[in-house]
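K.L.:
Position chain B relative to chain A; hints supplied.
2 protein chains.
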Amino acid sequence: MDDLIRMGEQAQQASRQLAQLSTARKNKILKLVAQALRQFKNEIIVENNQDLVNVTGLTDSFIDRLTLDDKRIEQIATGVEQVVTLSDPIGEINKGWKTEDELAITKQRVPLGVIGMIYEARPNVTVDAFALTFKTGNAVILRGGKESLLTNIKLVAVIKKVLRDNDINEHAVQVLHDTAHETANKMMSLTDYIDVLIPRGSARLIKTVVENAKVPVIQTGAGNCHIYVDEFAQAKMAVNIIVNAKTQRPSVCNAAEKIVIHSVVATKILPMIAKALKPFNVELRGDEQARKILPDIKLATEEDWQTEYNDYIMAIKVVDSIDDAINHINKYNTKHSEAIITDNYANSEKFLQQIDAACVYVNASTRFTDGFKFGFGAEIGISTQKLHARGPMGLEELTSTKYLIRGHGQIRK
Amino acid sequence: MDDLIRMGEQAQQASRQLAQLSTARKNKILKLVAQALRQFKNEIIVENNQDLVNVTGLTDSFIDRLTLDDKRIEQIATGVEQVVTLSDPIGEINKGWKTEDELAITKQRVPLGVIGMIYEARPNVTVDAFALTFKTGNAVILRGGKESLLTNIKLVAVIKKVLRDNDINEHAVQVLHDTAHETANKMMSLTDYIDVLIPRGSARLIKTVVENAKVPVIQTGAGNCHIYVDEFAQAKMAVNIIVNAKTQRPSVCNAAEKIVIHSVVATKILPMIAKALKPFNVELRGDEQARKILPDIKLATEEDWQTEYNDYIMAIKVVDSIDDAINHINKYNTKHSEAIITDNYANSEKFLQQIDAACVYVNASTRFTDGFKFGFGAEIGISTQKLHARGPMGLEELTSTKYLIRGHGQIRK
Numbered sequence: 001m002d003d004l005i006r007m008g009e010q011a012q013q014a015s016r017q018l019a020q021l022s023t024a025r026k027n028k029i030l031k032l033v034a035q036a037l038r039q040f041k042n043e044i045i046v047e048n049n050q051d052l053v054n055v056t057g058l059t060d061s062f063i064d065r066l067t068l069d070d071k072r073i074e075q076i077a078t079g080v081e082q083v084v085t086l087s088d089p090i091g092e093i094n095k096g097w098k099t100e101d102e103l104a105i106t107k108q109r110v111p112l113g114v115i116g117m118i119y120e121a122r123p124n125v126t127v128d129a130f131a132l133t134f135k136t137g138n139a140v141i142l143r144g145g146k147e148s149l150l151t152n153i154k155l156v157a158v159i160k161k162v163l164r165d166n167d168i169n170e171h172a173v174q175v176l177h178d179t180a181h182e183t184a185n186k187m188m189s190l191t192d193y194i195d196v197l198i199p200r201g202s203a204r205l206i207k208t209v210v211e212n213a214k215v216p217v218i219q220t221g222a223g224n225c226h227i228y229v230d231e232f233a234q235a236k237m238a239v240n241i242i243v244n245a246k247t248q249r250p251s252v253c254n255a256a257e258k259i260v261i262h263s264v265v266a267t268k269i270l271p272m273i274a275k276a277l278k279p280f281n282v283e284l285r286g287d288e289q290a291r292k293i294l295p296d297i298k299l300a301t302e303e304d305w306q307t308e309y310n311d312y313i314m315a316i317k318v319v320d321s322i323d324d325a326i327n328h329i330n331k332y333n334t335k336h337s338e339a340i341i342t343d344n345y346a347n348s349e350k351f352l353q354q355i356d357a358a359c360v361y362v363n364a365s366t367r368f369t370d371g372f373k374f375g376f377g378a379e380i381g382i383s384t385q386k387l388h389a390r391g392p393m394g395l396e397e398l399t400s401t402k403y404l405i406r407g408h409g410q411i412r413k
Numbered sequence: 001m002d003d004l005i006r007m008g009e010q011a012q013q014a015s016r017q018l019a020q021l022s023t024a025r026k027n028k029i030l031k032l033v034a035q036a037l038r039q040f041k042n043e044i045i046v047e048n049n050q051d052l053v054n055v056t057g058l059t060d061s062f063i064d065r066l067t068l069d070d071k072r073i074e075q076i077a078t079g080v081e082q083v084v085t086l087s088d089p090i091g092e093i094n095k096g097w098k099t100e101d102e103l104a105i106t107k108q109r110v111p112l113g114v115i116g117m118i119y120e121a122r123p124n125v126t127v128d129a130f131a132l133t134f135k136t137g138n139a140v141i142l143r144g145g146k147e148s149l150l151t152n153i154k155l156v157a158v159i160k161k162v163l164r165d166n167d168i169n170e171h172a173v174q175v176l177h178d179t180a181h182e183t184a185n186k187m188m189s190l191t192d193y194i195d196v197l198i199p200r201g202s203a204r205l206i207k208t209v210v211e212n213a214k215v216p217v218i219q220t221g222a223g224n225c226h227i228y229v230d231e232f233a234q235a236k237m238a239v240n241i242i243v244n245a246k247t248q249r250p251s252v253c254n255a256a257e258k259i260v261i262h263s264v265v266a267t268k269i270l271p272m273i274a275k276a277l278k279p280f281n282v283e284l285r286g287d288e289q290a291r292k293i294l295p296d297i298k299l300a301t302e303e304d305w306q307t308e309y310n311d312y313i314m315a316i317k318v319v320d321s322i323d324d325a326i327n328h329i330n331k332y333n334t335k336h337s338e339a340i341i342t343d344n345y346a347n348s349e350k351f352l353q354q355i356d357a358a359c360v361y362v363n364a365s366t367r368f369t370d371g372f373k374f375g376f377g378a379e380i381g382i383s384t385q386k387l388h389a390r391g392p393m394g395l396e397e398l399t400s401t402k403y404l405i406r407g408h409g410q411i412r413k
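If you read the protein sequences in the order shown, they are chains A and B. Start counting the first sequence at 1; every next residue gets the next number (full-length UniProt numbering). Start counting the second sequence at 1; every next residue gets the next number (full-length UniProt numbering).
Just so you know, the hints here were simulated from the structure itself, not pulled from any lab data. Among the clues, some could well be false.
Note: identical chains are not told apart, hence a pair may lie in one copy or across any two.
As the list claims (entries may be wrong) - Below, computed lysine to aspartate or glutamate pairings styled on EDC-like, alpha-carbon distance capped at 16 angstroms:
(1) 95 - 165
(2) 350 - 47
(3) 278 - 323
(4) 413 - 102
(5) 350 - 74
(6) 98 - 370
(7) 278 - 311
(8) 268 - 320
(9) 298 - 288
(10) 373 - 100
(11) 186 - 211
(12) 161 - 2
(13) 160 - 287
(14) 207 - 192
(15) 107 - 349
(16) 107 - 396
(17) 107 - 370
(18) 373 - 74
(19) 298 - 60
(20) 207 - 120
(21) 98 - 88
In isolation and in its complexed conformation, chain A is listed as follows:
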């Protein structure tokens, strides 16, 4: 049984040191961690093999995500080196002003403190989470999927050795050894020590964390993304974007799940879309109006409008106005990413302003919602909540701020 209070105290202690480290020193450590991962790769693979022997009855894709080999470890090490190249948000001054009382206030970017990461059996997340939290001066407590426990313990041991060798408090990173749900629940209640919880993984895992946590959570979420083909859309562009947004990687949260299309262009464009999706074996479903145009498709149900398929399925809603499109999308979307295809200026602006989502696109694929594609150089996840962070999260979203106030003896009257 992990002593969570003790782990929390140790993490908080470590976070004090981390908050004061220079960017150069943090970068040096990250480079050494990348080297150490390469140096100890055989030992890591031995532990990973043991994890793989222990799992039974899981899907191929699960096992694939759990498996480490030379190539994967090289990718992980390279990923750490990429974090070195990112600019360090800590110490940045967001704003500064002088008050009526002549106090000089500056708002400075600081680490969050202690971050709790809860994720599935993906050992790459273990190292990635360390690299991103360390670069931003945070201590991290990791709770990975139980199937990857031995791998995670080894990875963290490799990182800790580098920390110790460089006089950094090794509790900058800690991993839960006990994978019972009870222990995870205790971790989610450590409000005195953990500043933020970040769950990464399936909708179910995230829901569990949101429902059980007392520590503030950054919710990275599900996507039920829509492409709205406006009455003023270029047909070819609409087809291209829908094919891309559905098929380029259907399992991810920024893939499109729904087509909303204006009735004026539906007769022309829906058959083009159906034809273009055919080679990818995308199953189409639709409302009554869509089925008048594409008679072979199944009737979409209320459940369809709500569902994130993450699969080669799409449902089609025909609307008679952009307002109906916006209302439909705002009713069913998960506030992730939504797109309009149009050549009409007023409609593009209306859609951008009235759709309630982290990312709203005009004439582009929803698949661009991504920390790397946005140019952040990293991605902690994509926030679908409105507090703290919304949309793709880079290093800045792992930070907080504090006010520094310089005076000369002022008292309040």
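P.N.:
Frame of chain A; chain B shown alone:
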């Protein structure tokens, strides 16, 4: 029994309209609300009197906060008019850039959506919460203390009439009629409809919300504020600031509760402090070293270091270095406001950087931690968490952002 799902749906519906209102229109409504409060003040006072008749066995200060009269209603109306003068953060572009894929991204400030406010029997908060959330384009669901129910219902009715008369969805503001704890708990679980909960009130109320809410909470919190008198402090400045921070308004969260003092200056300055606090009947407690200098004071216990007195009591800790001071403060503070009194540059910088708190002061009273004193023109509360908002919260903290992405047909490769 309130139908919370229905209230949530209605609030969300209203929030769509509010998000699109121009600043001019929002300001017009706020001015009319102020007028209506004055116009209907007698009816409001009748309901308030009924609330006052119903309460029994409560303290004078409780009843004082609950009571409305002509003067109080005028103050509330003036408060609404002050919100009119604040600049509207909605629509502001925080940043914009072009990505490698030639997508033009702008990050725009938008309302949070639906805010839930949970607070005590203070009718002024009802109107204040409406004014601030409305100005920032948010719908609000109010759950005030049960003792103020009739007053709150009347105040909200007055506001709703103005909304209806001006074609604004009246569900922009709603009040829970059912004051059972169960209903409040249901409200705290409305994750599909409420974007953020803001509890305002006692530490106990806030703790209850943090422990029970599934909706994200902005925690406004307790203050266990310290004044550290450095070895290089000006004695007179230290005394002035301590007297101000303790006695100017001892019941509030930014009042100082603890003195930490360097041993080199303790013998000289502690008696000066004790003398200056004497006219205010401040009870001093101290560690063994402090008691050698001030033999009449009580020994401070572990509980003292942890306690926010909100009263005319202060505890004194003598330290032998600034590092000991920083460690003591980081161990016991509530991350609210901390001050150092010093003329030494290196020590001031060390304290500013190493103290973990929302607001860190050099040579000024902690009493300045306040949205108005910071120049925000409003104060929703003082956040002691690190997510989303930290320190005094103004209008900006009632907003979120979204990314608007303009393309010309880009798909992801």
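K.L.:
Does each hint hold? Answer for all of them.
P.N.:
Going through the hints against the structure:
In this assembly of identical chains, residue 95 and residue 165 lie within 16 angstroms of each other by CA distance neither inside one copy nor across copies; the values are 37 angstroms within and 41 angstroms between. In this homomeric assembly, residue 350 and residue 47 never come within 16 angstroms of each other (Cα to Cα): the closest approach is 54 angstroms inside a single copy and 43 angstroms across copies. Proximity of residue 278 and residue 323 under a CA criterion of 16 angstroms is satisfied in neither setting, with 30 angstroms inside one chain copy and 69 angstroms between copies. Taking identical chains as interchangeable, the C-alpha atoms of residue 413 and residue 102 lie at most 16 angstroms apart only when both belong to the same chain, with a minimum of 13 angstroms there against 54 angstroms between chains.
For the identical chains of this complex, residue 350 and residue 74 are neighbours neither inside a copy (46 angstroms) nor across copies (40 angstroms), given an alpha-carbon limit of 16 angstroms. When the C-alpha separation of residue 98 and residue 370 is checked against a cutoff of 16 angstroms, the pair qualifies only between copies, where the shortest distance is 14 angstroms, while the shortest distance within a copy is 38 angstroms. For the homomeric pair residue 278 and residue 311, the shortest alpha-carbon distance inside one copy (14 angstroms) is at most 16 angstroms, but the shortest distance between copies (74 angstroms) is not. For a Cα distance limit of 16 angstroms, the shortest separation of residue 268 from residue 320 inside one copy, 15 angstroms, qualifies, whereas the shortest one across copies, 82 angstroms, does not.
Taking identical chains as interchangeable, the C-alpha atoms of residue 298 and residue 288 lie at most 16 angstroms apart only when both belong to the same chain, with a minimum of 10 angstroms there against 81 angstroms between chains. Taking the shortest Cα distances, residue 373 and residue 100 sit within 16 angstroms of each other only across copies (8 angstroms), while inside one copy they are farther apart (43 angstroms). With identical chains, the CA atoms of residue 186 and residue 211 are at most 16 angstroms apart both within one copy (13 angstroms) and between copies (13 angstroms). Taking CA atoms no more than 16 angstroms apart as the test, residue 161 paired with residue 2 passes in neither setting, with 21 angstroms inside one copy and 58 angstroms between copies.
For the identical chains of this complex, residue 160 and residue 287 are neighbours neither inside a copy (56 angstroms) nor across copies (38 angstroms), given an alpha-carbon limit of 16 angstroms. For the homomeric pair residue 207 and residue 192, the shortest alpha-carbon distance between copies (12 angstroms) is at most 16 angstroms, but the shortest distance inside one copy (22 angstroms) is not. For the identical chains of this complex, residue 107 and residue 349 are inter-copy neighbours only, at 14 angstroms across copies versus 33 angstroms inside a copy, given an alpha-carbon limit of 16 angstroms. With identical chains, the CA atoms of residue 107 and residue 396 are at most 16 angstroms apart both within one copy (14 angstroms) and between copies (14 angstroms).
In this assembly of identical chains, residue 107 and residue 370 lie within 16 angstroms of each other by CA distance solely across copies; the values are 15 angstroms between and 28 angstroms within a copy. Taking CA atoms no more than 16 angstroms apart as the test, residue 373 paired with residue 74 passes in neither setting, with 22 angstroms inside one copy and 53 angstroms between copies. Within a single copy, residue 298 and residue 60 get their C-alpha atoms no closer than 30 angstroms, and across copies no closer than 68 angstroms, so neither meets the 16 angstroms cut-off. Proximity of residue 207 and residue 120 under a CA criterion of 16 angstroms is satisfied intra-copy only: 14 angstroms inside one chain copy versus 31 angstroms between copies.
For the homomeric pair residue 98 and residue 88, neither the shortest alpha-carbon distance inside one copy (27 angstroms) nor that between copies (21 angstroms) is at most 16 angstroms.
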